[in-house]
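Line order of the protein sequences matches chains G and F. Residue 314 in our numbering sits at position 314 of the first sequence, with consecutive numbering throughout. Residue 85 in our numbering sits at position 85 of the second sequence, with consecutive numbering throughout.
Fair warning: there could be bad hints in the mix.
[As the list claims (entries may be wrong)] No more than 20 Å apart at the CA atoms, straight line, and that leaves these computed lysine to aspartate or glutamate pairs for EDC-like: (1) F:Lys95 x G:Glu348; (2) F:Lys333 x G:Asp424; (3) G:Lys189 x G:Asp229; (4) F:Lys95 x G:Asp380; (5) G:Lys189 x G:Asp156; (6) F:Lys95 x F:Asp43; (7) F:Lys95 x G:Glu150; (8) F:Lys95 x G:Asp424; (9) G:Lys189 x G:Glu150; (10) F:Lys95 x G:Asp444; (11) G:Lys189 x F:Glu149; (12) F:Lys95 x G:Glu79; (13) F:Lys95 x G:Asp312; (14) F:Lys95 x G:Glu342; (15) F:Lys95 x G:Glu306; (16) F:Lys95 x F:Glu47; (17) F:Lys58 x F:Asp23; (18) F:Lys95 x F:Glu149; (19) F:Lys58 x G:Asp444; (20) F:Lys58 x G:Glu79; (21) F:Lys58 x F:Glu36; (22) F:Lys333 x F:Glu191.
Don't read these hints as lab results, they were simulated from the structure. Only a predicted model underlies this, so the values are computations on that prediction, with no experimental measurement involved.
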Amino acid sequence: MWFYGVRFPGTILILAAGASSVPSIVSAMAEAISDTTKSPPAPEWSFRDSERARWNLAVTTGFDAFVHTFPLATADTTETIAEYLAQVGIEGHSVRSGRHRWSLRAESSVGTQLFRERIEAGYRLVDHRRRTRLRLDGSLWGRQYRRDTEYSLSSDNLEGRLDLRAYPLVRSGMGLEARGWNTFQEYDKPSTLETDHREWGVGTFLRSRGLGSHLWNMGSRWTARSYPDSAQIDRVTTGLEGGYEYLGSSEASLRLYHRSDRRRIEDETVRPSAWIHWSDLVAAVPAGAGRVLCELESEVWRYDQEMSAYFDSWRMRGFGGFGWGEILSTRWRLGLAGERLEAGNSPETYSQFGLRTGVEAFARDVSGSLTLELGRRLYDFIEVTENVNPASDSTGAAGSDYVFSYSDFTYWEIWLMGAWSISDHFSLDVLANYQPERHTEAVDDSALGFGSIRLVWRP
Amino acid sequence: MLSVAMLLSLAISFFPGGVLAQDAEDLQNYLDRTEELLLWARDLVGETENMRARRVLKEAGDLHERSLRLTAEGRPLLARGVARRARSAVWLAVKSAREALNFEERVRIRAERFRDLHGQLLDRARDSQNERAVELLGKAESQAQRAREHYLQGDPRLAFEQLNNAEQLLRSARRLLDEGGSPDRLDQDLERTRMLMEQTREMLGDNPEPSCGQLLAEAFQALERARENLAQGQPVRARQMADMARKLARQAAEQSGLEPGIESVRRQIERFDNRSALLEERIREAESRPATKAYQRALEHRQRTSESLDQGESAAALRQIRAAHQMLDQAEKLIR
């Protein structure tokens with residue numbers, strides 16, 4: 001059994017981790033919640049719907065594997081991490097009737113690589129018109145690596161988050177949310193690559209309410225992150241964001257989102273401050289028997305001072321195509337995907353095009369999604385001879401420094417997600433993706449793969 | 001063999017000593033520059049938490065050391081070859097570090113956006129009792145946690161891809177919430193629509209105005225089409241037709257311009273009493289506390305209906321008897 005003491009502002013939480021200790025933690029927290037909500041009887045432990053609470057227990061066993069093939073200096077290498085695991089989880093929440101609503105989730109898993117524990121709890125206070133006025137959410141994650149783990153960094157760690165949200169102004173059409181949060185990450189044995197950090201943040205958000213066709217939101221947030229052992233990279237981020245959503249009855253829809261952040265770094269000679277702008281557009285327009293689909297994403301990074309590793313960039317990703325079918329039976333989509341990274345003279349500048357097709361279905365017993373994409377990435381600068389290190393001269397034997405470049409490649413990608421309800425109590429989940437890249441320079445070839453299979457039992 | 005040796009000695013005799021010295025100087029310059037680049041790359045790679053960049057840089061350092069040893073041993077040709085490989089490794093480390101830093105920055109902001117979006121969708125899915133969407137969101141969260149683990153392991157590329165997996169699941173859940181709703185939920189919606197329309201028919205009485213009667217007949221046709229659409233696996237169209245059925249029924253009620261008739265409320269009370277008598281025994285046998293509670297609440301609403309009728313408030317009475325029927329439905333479901 002392992003014990004961690006966790007310091008949140010104004011509170012002390014103790015996480016006791018270990019398979020044997022989980023039920024006791026859960027009962028303790030269930031009792032605590034029962035006390036706070038003044039509910040006379042404690043929630044039933046029958047894992048069925050009770051009068052005041054609903055509980056779900058899930059026992060899961062499964063296998064995960066990651067494969068990454070990439071070139072090293074002298075040879076290619078393939079890194080594989082495979083893990084068998086068994087997990088027990090319980091989730092409960094109050095029924096939607098009282099003014100005090102709560103939720104609780106506890107999970108513990110034993111894997112061949114590491115042990116994981118998770119505890120989450122939430123509380124909501126709603127007014128007589130069932131509008132949320134106060135909300136408190138907390139979560140804790142613990143990880144302990146086995147001695148023979150294949151992971152290269154193996155210091156046990158714990159991370160947590162506490163969110164407090166208040167809704168001082170709630171009208172029929174909109175609501176104001178004030179939020180404060182605190183997060184932390186702590187390592188058992190901190191090192192240069194395993195650094196503790198803390199984060200505090202506050203934000204205000206204004207959101208439309210109700211079930212209308214037009215929804216909108218806007219907000220601002222301020223976040224301060226500190227690294228006790230590496231104060232030069234402490235940062236303060238201020239951001240503004242806004243979104244709009246239209247859901248028409250004729251399957252037409254539009255979703256817009258924009259966020260701009262200003263990130264200031266404590267020591268700008270170590271890492272430059274930056275502006276970050278992120279925009280999303282997703283639209284669907286009915287056409288014939290289906291819908292014309294359009295997705296665009298823009299990500300802009302502007303550093304106060306470009307450094308060798310930090311360069312200005314503008315990345316745009318998009319998809320345009322046609323979709324048809326119903327999501328609860330079978331829905332298809334086919335179209336062109338594109339991506340452009342504009343990074344000035346940096347060798348990373350590229351354009352990418354692909355053909356993407358997908359099918360998804362969410363029926364009662366079987367549901368799943370399959371996406372395939374085939375495309376090519378073309379770099380603007382095949383060979384760059386610019387000197388990236390202005391502090392030193394270029395007097396190498398070749399006359400000037402040969403600076404790295406990237407080679408064009410053809411890629412394909414498969415993404416699969418499937419779930420099968422074998423019976424009322426058993427289900428099988430599969431998730432996999434694989435992305436090989438075939439480069440014009442064979443030494444740059446790489447491949448990335450992930451596969452996961454889970455058998456879940458719900459009593 | 002002899003001729004090769006003669007050719008070699010001839011070539012060596014023709015090489016001026018200055019050229020060999022120039023070669024040695026070039027090699028030394030090359031090695032010095034690699035040393036500088038290694039130091040520079042070390043700073044850059046140190047910025048990242050990327051293990052691959054660190055491994056490659058270590059290899060570059062080892063190769064450079066070897067080229068220095070070979071030079072000291074007077075084997076310049078071999079030294080030059082190894083030095084070139086060391087230089088390539090330096091650039092590969094730099095490339096990996098730049099790529100990793102790029103992914104690190106992007107993973108951070110994407111993870112934050114993921115958390116916000118996940119929270120919003122989970123609230124929506126729980127409020128609308130869409131279990132399928134809740135499940136997908138659970139899987140998405142689990143993928144995001146795996147992404148977090150890869151990030152902590154100094155593998156931001158893998159973390160980024162894993163976060164992409166999580167985002168894909170999030171998008172599926174969102175589509176499910178936007179477009180489909182769960183099949184069970186749709187069934188319930190259609191049943192509620194049917195009840196609403198039955199109540200409207202009772203309100204209109206046996207001889208409604210022709211225009212109102214026509215609207216109500218169209219409403220029933222729309223509901224029938226909604227059921228057909230659902231059976232054919234077209235939930236979006238089913239939902240649209242159910243919306244239309246409700247709208248038409250509401251128009252029929254509005255056009256009639258009548259307050260809910262006392263007679264209509266009485267018919268519903270009669271129906272409630274019949275249902276309640278049939279259910280009472282089954283509830284007692286089931287010994288289900290939630291079902292008993294729902295049944296008691298149904299009786300309370302029934303009582304309030306009578307009180308409202310006594311006070312001549314037919315609209316309030318209609319609301320109460322509807323609530324009574326709904327609680328009875330719930331009780332019936334709980335013992336099923």
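Looking at the structure, which of the earlier hints fail to hold?
7, 8, 17 and 18
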